[in-house]
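Q: One letter stands for each residue in the lines below.
There are 2 protein chains.
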Amino acid sequence: MTANTPLLQQLIDALKALPGVGPKTAQRMAFQLLERNREGGRKLGTALLHAMEHIGQCQSCRTFSEQELCAICSDPSRSQSSLLCVVGSSADLQAIEQTGQFDGRYFVLMGQLSPLDGIGPAELGLDRLEQQLAKGDVEEVILATNPTMEGEATAYYIAELCHRQQISVSRLAQGVPVGGELEYLDGSTLSHAFSGRKRF
Amino acid sequence: MTANTPLLQQLIDALKALPGVGPKTAQRMAFQLLERNREGGRKLGTALLHAMEHIGQCQSCRTFSEQELCAICSDPSRSQSSLLCVVGSSADLQAIEQTGQFDGRYFVLMGQLSPLDGIGPAELGLDRLEQQLAKGDVEEVILATNPTMEGEATAYYIAELCHRQQISVSRLAQGVPVGGELEYLDGSTLSHAFSGRKRF
Ligand SMILES: [Zn+2]
Ligand SMILES: [Zn+2]
Numbered sequence: 001m002t003a004n005t006p007l008l009q010q011l012i013d014a015l016k017a018l019p020g021v022g023p024k025t026a027q028r029m030a031f032q033l034l035e036r037n038r039e040g041g042r043k044l045g046t047a048l049l050h051a052m053e054h055i056g057q058c059q060s061c062r063t064f065s066e067q068e069l070c071a072i073c074s075d076p077s078r079s080q081s082s083l084l085c086v087v088g089s090s091a092d093l094q095a096i097e098q099t100g101q102f103d104g105r106y107f108v109l110m111g112q113l114s115p116l117d118g119i120g121p122a123e124l125g126l127d128r129l130e131q132q133l134a135k136g137d138v139e140e141v142i143l144a145t146n147p148t149m150e151g152e153a154t155a156y157y158i159a160e161l162c163h164r165q166q167i168s169v170s171r172l173a174q175g176v177p178v179g180g181e182l183e184y185l186d187g188s189t190l191s192h193a194f195s196g197r198k199r200f
Numbered sequence: 001m002t003a004n005t006p007l008l009q010q011l012i013d014a015l016k017a018l019p020g021v022g023p024k025t026a027q028r029m030a031f032q033l034l035e036r037n038r039e040g041g042r043k044l045g046t047a048l049l050h051a052m053e054h055i056g057q058c059q060s061c062r063t064f065s066e067q068e069l070c071a072i073c074s075d076p077s078r079s080q081s082s083l084l085c086v087v088g089s090s091a092d093l094q095a096i097e098q099t100g101q102f103d104g105r106y107f108v109l110m111g112q113l114s115p116l117d118g119i120g121p122a123e124l125g126l127d128r129l130e131q132q133l134a135k136g137d138v139e140e141v142i143l144a145t146n147p148t149m150e151g152e153a154t155a156y157y158i159a160e161l162c163h164r165q166q167i168s169v170s171r172l173a174q175g176v177p178v179g180g181e182l183e184y185l186d187g188s189t190l191s192h193a194f195s196g197r198k199r200f
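Residue numbers (UniProt numbering), protein chains in the order written: chain A, 1 to 200; chain B, 1 to 200.
The hints are simulated quantities; they were obtained by calculation from the structure and are not laboratory data.
Hints are supplied without guarantee of correctness; some may be wrong.
For chains that are exact copies, the list does not tell them apart, and a pair is met inside one copy or across any two.
Unchecked claim - Straight-line alpha carbon distances no greater than 27 Å define the calculated DSS-like cross-link-like pairs of lysine-lysine that follow:
(1) K16 / K43
(2) K135 / K24
(3) K16 / K135
(4) K135 / K43
(5) K24 / K43
Computed from a predicted structure; not experimentally measured.
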């Protein structure tokens with residue numbers, strides 16, 4: 001029999017929504033919070049409810065934001081930059097910000113092209129990206145999608161958009177390990193890849 | 001700069017209350033919930049608040065329970081058993097229940113003796129255990145504390161309590177790996193250790 005009470009079992013089941021958390025880890029997390037850190041558990045519960053409810057996407061770059069415009073898009077020195085970096089996720093944006101190497105603006109795809117999963121240009125907001133490019137103030141688009149097959153296909157598609165509007169396109173330099181995921185790179189690899197980017 | 005908004009940063013910080021979750025993992029968890037599973041994030045938030053608020057301890061065996069008595073202590077066929085198994089935590093109780101080898105009652109210490117951390121007999125409810133033993137209906141106490149130094153010291157202390165009341169004491173059989181933690185054992189090792197328990 002399971003000796004877990006209904007509330008405890010609900011908590012354990014709910015913890016399995018976290019990536020990399022199976023039943024055993026979920027149980028350990030639940031017990032640890034109950035035994036040693038109820039205040040932390042309460043704070044986490046409240047933070048989750050607030051975040052899930054109030055965090056939307058920036059109307060300009062699509063990164064996560066509870067404001068209409070994120071901090072970067074609200075900063076004129078960045079939102080009027082002629083450099084636009086396209087990334088797959090907010091986590092990738094965050095990883096690039098942490099290198100301190102880039103002071104332009106971003107466009108966050110929140111995914112990558114994957115026709116089999118029903119993810120096409122519309123799902124990645126590429127119509128909105130095209131409108132932004134059509135304004136004519138972007139001189140270079142830096143493609144910083146993941147160096148995976150789907151990331152490359154996505155980059156190729158966006159490069160075509162740019163070519164049609166005669167906008168320069170570059171891609172992060174090799175140095176990014178093939179098949180890896182951008183958000184796990186150390187900052188210095190990412191810095192090198194950034195400064196060594198080449199024309200697409 | 002960090003590109004995380006205040007709500008997002010609060011969520012990431014709050015996730016670090018979970019055991020084994022550092023800043024990088026916390027960020028990944030936050031993004032994954034926001035991107036792909038907001039419903040799961042909301043459920044987890046609600047489950048955490050309910051659990052932290054409403055889960056207390058069983059008045060008899062001290063395991064986690066939102067009722068005054070847990071399911072085992074509410075079951076007469078178990079709560080009147082002459083076998084009482086003492087465990088360090090609710091997770092250990094749960095691990096033993098899953099072997100299906102034991103149908104007696106439990107006493108959950110919620111810790112182990114650790115004078116340097118201010119954890120003495122009172123903190124482990126040993127006064128209450130002594131009262132339960134004094135009723136005279138327990139014939140054997142099975143000590144299933146962790147096979148660590150502190151677990152052994154705790155077992156020794158409880159064995160003394162039992163000897164004073166002329167109650168038999170046994171300890172889980174060797175087979176439990178020295179220095180290991182009970183809740184991570186596979187069920188069959190634990191079953192063997194249970195059935196091969198020896199007089200203390
Ligand atoms: Zn933005
Ligand atoms: Zn109980």
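Q: Could you run down the list of hints and mark each one as holding or not?
A: Status of the hints after comparison with the structure:
1. In this homomeric assembly, K16 and K43 come within 27 Å of each other (Cα to Cα) both inside a single copy, at 19 Å, and across copies, at 11 Å.
2. Taking the shortest Cα distances, K135 and K24 never come within 27 Å of each other, neither inside one copy (53 Å) nor across copies (37 Å).
3. For the identical chains of this complex, K16 and K135 are neighbours neither inside a copy (45 Å) nor across copies (42 Å), given an alpha-carbon limit of 27 Å.
4. Within a single copy, K135 and K43 get their C-alpha atoms no closer than 44 Å, and across copies no closer than 42 Å, so neither meets the 27 Å cut-off.
5. In this assembly of identical chains, the alpha carbons of K24 and K43 lie at most 27 Å apart whether taken from the same copy (23 Å) or from different copies (19 Å).
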